[in-house]
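**Student:** Given next are the chains, with one letter for each unit.
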Amino acid sequence: MTPAAIIEALMQGTGRRPLHPAGVLGEGIDPGAEGTPARMLALAVLAQLYDLPAPPTVFDDAAAAPDGRPILPAAVRPMILSLVSGKGNPPDDPAAFALAQGLERRGVRLHPFDVPRLAGFVRKHAEMLGVAPAEGEVEAGAAATGWAMWESLDETNWMLATPARKANFIADLRVTDPAGARALVEAQLPLEKAEVRLRLIDALGAGLSSEDRPLLESLAADRAPTVKRAVTRLLARLPGTGAAEAQIAELLSRITQGSTGLLRRRVTLSLQMPANVKSATAEIDWLATNFGGIGCSALARAFDMSPEAMLEAAHDDGRLLRGIAFSACAERNWPVISAIANGRLADLWTCFLQTGLGSFGLVTQRERSDWASAAIPTRLNLSGLDRYHVSALHAAMEGPLPLAQARAVFRAATQSRHIGADLLTAAVALMPDGGLEEVSQTLAPLPPDIAGRARLLADILIRLKEGPRPS
Amino acid sequence: MALSLQKIEQMAPDQSSLAAAKKLLKPSLWPTLQDNGEGLVWGECQGSGATPYRIAVTEADAGYKCTCPSRKFPCKHSLALMWMRADKLAPFAPGTPPQWVNDWLGRRRGPTPGAAAPKAAEPAAERPSIAAVVEEEAPVSDAETEARAEAQRARNRAQRESLVAGCIAAMEQWITDQLERGLAGFDQRAVQDCATLAKRLVDGKAGGLANRISALPAALFRVPEEERPQVAARALAAAYCIGQAYTRQDSLPELLKADVRQTVGWNLTREALLEDRGLLRIDGHWRVLAARDEVQPDRLRRIETWLQTDAAGGHCAVLIDFIPVSGGAAGNMYLPGEVLDAELVYYPSPVPLRAQIIAHRGTQAAAQSWAGGPHSLAAALEAWRAALAAKPWLDTFPLTAAKVRVRAAGLRLYACGDDLALPLAAAAHDAARPLATVDDISLFGLWDGRELTPLFAQTLIGEWTAP
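Chains A and B are the protein sequences, given in the same order.
Take the first sequence: its position 419, counted from the start at 1, is 419 in our numbering, and no numbers get skipped.
Take the second sequence: its position 145, counted from the start at 1, is 145 in our numbering, and no numbers get skipped.
A portion of the hints provided could be inaccurate.
To be verified - These stretches of chain B come out as covered by chain A in the derived footprint (C-beta under 8 Å, 3 or more residues):
1. 182-190
2. 366-372
3. 385-395
4. 404-414
Unchecked claim - Some chain B residues close to chain A (C-beta under 7 Å, calculated; not the full set):
5. Cys241
6. Trp266
7. Ala359
8. Arg361
9. Ala426
10. Ala431
11. Asp448
12. Gly449
13. Leu460
Simulated from the structure, these hints should not be mistaken for laboratory data.
Computed from a prediction, not measured in an experiment: that's the story for all the values here.
Virtual Cβ for every residue (Gly too), placed ideally from N, Cα, C.
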């Protein structure tokens, strides 16, 4: 009997298939003895052990595409493991996001041996990291290839990229070739899901002109409500469209013009909110929906004023000022937003965060930076700054703030009565490279339970900025 | 402020702790005793496990830290170290605090005013007393009593031999019954049947066999359903071999006999190991290649530390410690990448792997990368075949090989070299997949004849360690 035949018989059981010892393994074994099956089993198993498992006929070597990016500096490896793996270190908070962005910005990759330990982090930020976690070599290789491709998107391959990169590509192309970008979007839209259609249409907001009107009007009946709203918002920004005029007319009916002052009469504007809009949250939503689709210049013209005069007239009505800020954002009129934020409403930026910057068509990093420069005062003195606002700001920015604003937010975070690990970490995540050194020094004397994670993030980003050190 | 015996008495949780500490006052039990000249004292005390406990004490505030799982604070090791320091019972070599002492110092808050206030209010009679220990420990020398005790021990041994023989016969009958019913459906009845047999083996004082049988259901359910009958076949075959070898132990070579007795459940004490001058001893620098632990069915955490010496031959050794899970202690004392300067003694076996530390002169970080030894994969497999021939119930065997490449084929990974392809354990796939991106690996892993569990690798882009 061969070892395989013995094992096969024992699988069924000697009760059904009695063993008949024979051959080399069965020699000298009494078939009728009580221990014969166990003895045959031991002999067969040992004999099989000496035969190695059969090797595969083909290996998947061709699937392993090399990743040409350099591996991050060795000194950073344990720091990253401390930051985004293990208990109490979430892989999806602002610190993890800032780390993923830092790695992408520097063009370095995680050490391959760390990828399994950072599975949660890699899964959350696979797109930026260019790594597919634990899904086989084929996917990992494809992800690495995809990273190389994203670095050189053009008209022939942009549709293969991720939604965010598609939108960025279109927004950038709109600056140099608006018609070409429009044509690409028009051809691609029928093939995309609603979420991607929304991003692409928002991307058309860059360099918007009346030539985009036919395309936008053809999209006004899109089946997705989010897309429909985005199209309406863009149409409203185009002068002469019915959408903009109807919207302005609706607002004019709610804005009361008056005058005040004894010696020098001054025009005043006040907004009457709909009666069913009661909560502060609902107010912001209503203002964003109704003001965010029209330009503030068009609104000022309706009152026969300049935008500056309209601001002066609305000075005492915070709701109207917020609405004007939303309309200024729609037409990228940053000076108006800056005037409101610095002179009247220091917390204006938090109103934008409620609906998200995407709802104002702020798609590219450059536009978001322009918005932040205008909306966030550099003399921020918010003792009530909390982690929810700063985390939301980080999520909205999808990257660091301009240096002056980042410093203001960080300073406010250290002085906030809500100071804590999450607040400081989010504030550091918003800091661009230029401010990391001073942040690290500021955090050094603070207790580790409050500032430890934030400082670790700052140190990692500094090390990444410096690159590998000579050993 | 120096430590005093009065202070130690005050700190001791009970009289028995002091009594236990007194037994540890022999310098031979302390491979390491050092101080930094500024009131910081540390040492390593050989406990019942293979690896010594690490104890640190600060004289200024009588702060202490010990790696033992005791729930008494301070434990007997901390008390003994303080006692030796206070009474100058052993020389303390001057030195720089090692990393583990610095780690502890970094974590602790330091002296807390008032925290160590003397328990003056307690009646003196209720407090633990060193004098009382000394009285309790008065030596009793009585040849007749000793002879009686020896006779009792012999009777106990004979009784246990009888019990073990009985339960091994029961195990063989159980195996025969399982084979009669068929291995194909064994996994369906394994939990109940194995638990029943394991209880019988525990009653028969065959704890080692009981652990093997108790662990079988979990081992079965770790593998895909189609592989379970093969796993069961191997486990039952090994159990049968052990039973047969134990039954015929008098006809076996000495080392194999000693091995099978340990496998069944006869423990070797540290003292017996040290006394046996015929056992394999190797002195040198031992590189920690892997540290892993698992919880056994008997609620003990089994901690394995795999070492390789830099001496000729590149012997491997494993230190095995058992810690009660209920103690809450976890983790290994040694980390991959460390080098121990130590002398080890191997447990008697034709395939010597398990060892204990005889003398430990210190631990430091490895200065250079691991070369993987001179072995090729083929040579490593030959060593395994020889080991299997010498010990048929061999479970896992350490393979060290250079110039290995990890390659993927479908969903499986293989360690390849010398025209061989050893399948890697499925449980290690996620962690080991990055190894497929580098060539020319020096690999260390445990081979069980069916699959290789990679534990450590040296590659061109650095060290890889199994999580």
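**Student:** Please write out, lowest number first, the hints stated earlier that are contradicted by the structure.
**Tutor:** Result: hints 2, 6, 7, 8, 9, 11, 13 break, sorted rising.
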